[in-house]
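With the hints as your guide, set chains V, G, R and D onto chain X.
Residue numbers (my numbering), protein chains in the order written: chain X, 1 to 388; chain V, 1 to 102; chain G, 1 to 374; chain R, 1 to 154; chain D, 1 to 195.
The hints are all genuine.
DSS-like mimics (lysine-lysine), calculated; alpha carbons at most 30 Å apart, straight line: (1) D:K29 x X:K169; (2) R:K85 x G:K325; (3) G:K46 x X:K169.
Covered stretches of chain R (chain G as the covering partner; in silico rule of three or more C-beta atoms under 8 Å from a C-beta of chain G): (4) 18–27; (5) 46–58; (6) 62–76; (7) 99–106; (8) 129–136.
Simulated from the structure, these hints should not be mistaken for laboratory data. Quick caveat: nothing in here was measured; it's all calculated off a predicted structure. Even for Gly, the Cβ is constructed at its ideal location relative to N, Cα and C.
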Amino acid sequence: MEPIFEQFVRDLTGGFQIPFWAPMLVSLGLVLAFIALNAMFMIWLERKICGRIQRRLGPMLTGPKAWARFSMWTGGWFQTPCDSVKLLLKEDIVPAQVDRFGFMLAPVLIFMAALAVYVPLPISSTAHGQPSPIVVAVADLDIGLLYVVAITTLTILAILTAGWASNNKYSLLGGMRAGVQILSYEIPMLFALMGPMVLAGSLSLGDLVLVQHAGLFGVPFLGWFLVPSFLGAVVYLICAVAETNRPPFDMPEAEQELVAGFSTEYTAMRFAMFYLAEFSNTFVVCMIFTAVFLGGWTLPGFVPPGSLNLGFFHLPYFDLLAGMAIFFAKAYAVVLLLMWIRWTFPRLRPDHLMTFGWKFLLPLSFLNLLICTVLAAVQQIYFGGNPG
Amino acid sequence: MSPIGLNHFLGLGAVLFCLGAYGVLTRRNAIAVLMSLELMFNAVNLNLVAFARFLPNLDGVVLAVFVIAVAAAEAAVGVALVLSIYRNFRHIDLDQVDTMKG
Amino acid sequence: MMRQFPANPDLTVEEFELNMGPQHPSTHGVLRLVLTMDGERVVRCKPVVGYLHRSIEKMAENRTYTQVIPVTDRLDYCTSMTSNYVYVMAVEDLADITAPPRAQYIRVIMSELNRIASHLLWYGTFALEVGATTPFIYGFRDREKVLDLFESTCGARLLYNYLRIGGVSRDLPEDFCERMLAFLDEWEPLIREYEALLDENPIFYNRTKKVGILSPEAALTYGVSGPNLRASGMARDVRREEPYAVYPDLEFDIPVRTEGDVFARYRVRMEELRQSARILRQCAEKLPKGPFLEPQPLRLVLPEGETYVHLESPRGDIGCHLVSKGTDKPYRCKFRTPSFCHIEVFEHLVRDCLIPDIMAICASFDVVLPETDR
Amino acid sequence: MSPDEFLPTLKTRFPEVEFQLDPLNPRALKMSASGVPEVFAWLRDAPEAAMEFLEFSTAVDHPPDRLELVYSLYSYTHRHRLVLKVDLPRHAPTIPTLAHLWQNADWNEREIYDLFGVFFSGHPDLRRLMMPEDWEGHPLRKDYSHPNLTPRPD
Amino acid sequence: MIFDPNPVAFWLLAAMVTGCALAVIRAHKLYHAGLALVGTLFGVAGLYGLLQVWFLAGVQVLVYVGAIVILLLFAIMLTHHMMTPNLKTLSTQPWTAAAMCLMLLAVLLGGILSSTWQTAPDTTVYPTWTSQSGFQVAEAIPSVKALGFRLLDPFTLPFEMVSVLILVAMIAALAVARKPPTPEDPAEGCEEVVP
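Extracted from the complex, chain X is given alone in its bound form (with noise of 0.2 Å):
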C-alpha cells in the first residue's frame, strides 16, 4: 500500500512527503468501507439469487418504485441499508446471566478478525512510476497465507466465547460445534494451500498471482494453479465454506437445531457485527480463492497498459483499475457459486462433517501437495527455477 499511496499523493499535491501513520489509517478506512458496503451488496444479492433459485422476486419494495417495474434485479436496492439501520438502531440487550466480560468481547473479536484478515489480500497491482510492479495490498506480506489462516483462528476463539459466555446450552453447543468444526477443517484447508505454495516456492499472496501469470512449464494457460493443484482447490473451497460457517456448513447456528447457536443471545449491533463479519469471511475466502488458484487480477495473456489514452480523456493507473476490475469479476463468480450451493443443499450432520474432513478431505489435500511437489520438481530442473 505505502508505495502507490506515497506515489499517488506526490502525483496528485506534486511531491507532499506523506506521515508513516498515513497509509495505515487510510488503509483501514477504505477496509472498514468496503466491508460494510460490500456485505451490503452481498446480503442483497444472496437474496435477489436466494430468489431466483426458488422462483421467487426476492426484495422488490425498498429502492425506486421505478427501477423495480423494470426487472428483479433492479428491485429492492435499499433493502439491506434499510436492515442495516433496523440492526443498528434495535435496543442492545445484554441478558441478566451471561458473562458480561466474554460476552462483550466475542462480536468485538470476530470482527477484528474479519478486518485484519484483509491485510495481506491483493487485489491489483501497478507499475505507474515505479520500476518493477507493485501489488496493491494494505501489505503484502511475506507471510500472507499464514498470516490469513492463523488470523481465522481468532474466529473460532470468538465464537467459542460468544458460545461460553451467553450461558445457554444451545450457545455452548454451537460454540463447540464451531470451534470443532473450523479447527478440523483447518487441517485439509492448510494442507490444500500448501500446493500452490510449493509450487510458488513463497507464501507471500502477491508473488502466488505474480507467479500464475507467468504460467508453468512456460504455458500461460497452465498458470492458474486450479489447473496443476486442482485437488487443492476443491478441497481449499470446501474447507472455505465450512470455515465461514454457510450452509450447507451451518451447524454452528443451525436454526432447526440449535436455535441460532451461538448468536442466540446476542441482539442488535453485536449481532450485526456477527453478522457482517459472517458476510466479509465468505467475501475473504472468494478473494483468496481468487488469488491463490484464479490467477488473481491477472488474465493469461494480457497485460493491461499503464494508462489509458483515449485522445478525449486520459485515464492514469488503468492497469490497476483494470487489475481490480478482473479480480472482484472473478471473486464475484465464486460467491455466486457459494450462494448456489447454499441455496440448493441440505445441511450436513456434524459426524458427517467430520468423517468427510479427516476422512477424505484430508487424504485428498495430502494427494493434491503430492502432485504439486512432483510438478514443481519438474519445473526446477527443465524449466529452472520457480515458476516465475
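Relative to chain X, chains V, G, R and D alone:
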C-alpha cells in the same frame, strides 16, 4: 525513550517465566496449571528469538519452532489427562488427585 | 447474583439436560422435548405435550351437533377437511343419514386436495428441518394454489368449515373441475422437481437413510398409522381396510416402503402425492350431478347410541368416538388423532441419536400439535 | 369376528369375568373390571383375535355412580374391531394398566387419568398429560366446574 | 531520528504480556484465564513481529491460539458446569510460592544484567524511521526461505523427531482421553420393542 536492547527482552522473558512458575505452584486446577506452563514456554521462546535476532544466528528461531511443536504435543496429552482425571474423580483439583489408582 | 442449580443426581459425568421447546424453531408449534444429552448424543427423551390443549372434547359436549363442526376445524389446521369429515361421518353414522353421491365425491375431492396441501406443507418443513431452505418455498408456493381452490369453494383458506351433516355447505363453483385439472396438469410434473432437490443429494441421503428406523412391530404397538406405518412395510390404509364414501369406486395404489427410516417416510409421502392426483382425476371424471346436501334440521337430535368411525387423514388414522344420549348435543365426543400416537414414538426413536437426527425424525412423522393436544 | 362371535369364546376362556353385549353399540362388548389385563393380553396374542392395534382408549362419565372405560382394538390381520367397555365406580376408579401390552396405552391412560381421574395401577409414569401438573380436578367429568367455564346459552 | 516507535511498541507489548499473564494466574473464572492467555500469546507474537520474525509470529498465533488455547478452552467447557463462579484455584501457600518466584526472578535478572553480549546493531534488528530516508526495513530480516533451509539442513533429524513426537502425542492423547468402553454396547438403529 531509550532504544530497546537484548536485555529488555531477556528481562521480560524472566518476568514472564516467574509469573508462569508462580501459576504452576499456586494453581490447583489442572487446566490452570497447563495454562501457566504455556506462559513458561513462551518466556523461553521469547528469549530464544531475542538471542537469535540480537546475536545474529537463525538457530534460535528454529529452536523456537521446535518448542512450539513440543508445546502443542504437551497440551494435547495434558488435556487428555485432565479429561481422564475428570472422568474418574469428577473434579480436576490436583491437590486431591493423590491416589495411584486410576 | 448467579444462581447455582443443583446438579441432577441421575446424570452421569458427561450428561446434561436440554429443554427443546416449547419455544423452538423446529418443534412445529409447541412440542417440548426434555432431552438428556451426552454431548450431541441423546441419552433419553421425554416428549411433553399439552401446551395447546383447548379442551375441544369438552367444548363439543357443550354445543349442538352442527355447532361442533367449526370446532373440529381447529383439530388439525393443516387438514381441516378431514377433521370435519370424520366428525360428520360419525354423526351421519349415528343418525343413519347418507349424503347424496355428489356430496360424497366432493368430500373425497376435498380430502385428497387437502392431503396434497398437507403433504406439500410437510415437504417444505421437513426439508427445512434437514437444513434445505429452497424446498420449503417450493412446497408452500404450490400449496397456495390448492388453497386457492379451497377458497373458491368455501371462502376459507385454512379453516374451511365446509362439510355439513348430510352433505357439504355449498356446491362446487362452476369451473372447479377445470381449474383443478389445470392445476394438476401443471403441478404433477413438479413432483419430479421436488424429488430432484432432495432425493439425489448425498447429504440428504446420508441424513435420512438408516436414521430413525421404526420396525413394523414397534409401529403397531405404538399405534402408528398412515404414511408412517406404510413406510415401515405395512400396507395399511383406512381407504382400503374399511373403505368409506366413494373410495371403493376409485383406483389408487397404496405406496409402501419396507425400510421404516426417515427416507422411507419421505418417499411414501411423495408417492402419495401422485396417488392423490390420480384419485382427483378420477373424481373429476365421475363427479355426478345432483344435490350436494340433504338438509338437516338445525337442531338435530340423534338417537341414543354410540359409534366409532375413522378415516385416512394425511397424517394417518383419525377417528371419532361419538356417544349420544338422545339429545341435540354429543354426550361424549372423543377424537383419536394420529399425531397423538406419533409423538409418543419419539421417546423410543430418538434415543442414541444426534441432535440433527432428532429434527429429521420428528419432522418425518409429520406431527401437528393442535391435533395431539386437542 | 364380531362381538357376538367373540362372546362364547371369551366366556369359556375367562369364566370368572362377566361379558355381555352392549345394546347401544353393536361393535362393543361389556366386561367386568376383573378381566383387565388378562383378557386384553389374550386378545392381543391369540391367533384368532390378533388385536395388535389399540386404536384408542378413553372414558365416558355417567354420573352419578358410573364411569365407563372404552378400549377400541383393531386387528389388521383379520380386519375386525372389538370395543371393550368396562364399568368402574365413579368415586374411586382404579384399574390395571395396559401399558405393558401396547405402548400406545401409556399416553392414552395418562390422558384418561388427567381428564377423568381414573387411576391406572402399575402404570410406569402416571402424570397429567394435557393439563398443567398442578391442575385441580378432572375436566372431562360431567360435574367439573371452573370459574372460566360457563354453560353455553341455548 | 524524528520518532522511534519501537520502544513504544515494546513497552506496550510488554505491559500487555505481563498484565495478561497476571490475569492468567489470578483469574477466578478459568475461561477468563484462557482469554487472558490469548492476550499474552498475542503480545508475544507482537514481540516476535517487533523482532521481524513474522513467520514465528504467524506460527505462534496459528498453533498457540488456534490449537492449544482452543484445546484448553474445550477442556474447560467439558470439565466445568457452565459459568461456575469463584473457582477455588489458589492453593493454601501463595506467599511461599511468591517468595520463591521472586527469588528466581532476582537470580535471573541478576544473571542477565551481569552478562555482556556481543549484540548486532539495532538497525539489523528493527525497522527504523528517519527524517532523511523515511521508512527503512531492518537490514537482516530472516526470510521464511532461509528458515526452511535451516530446518532441512542442520536440523533435519530434530525436525523428523518432532514429527514423530507429535504423532506419538496424538495417539497418546487419543488413548488417554477415550471413554472406557461401556459393558453394554449402544444399540444400533432400531431396537426391538418387547411389548
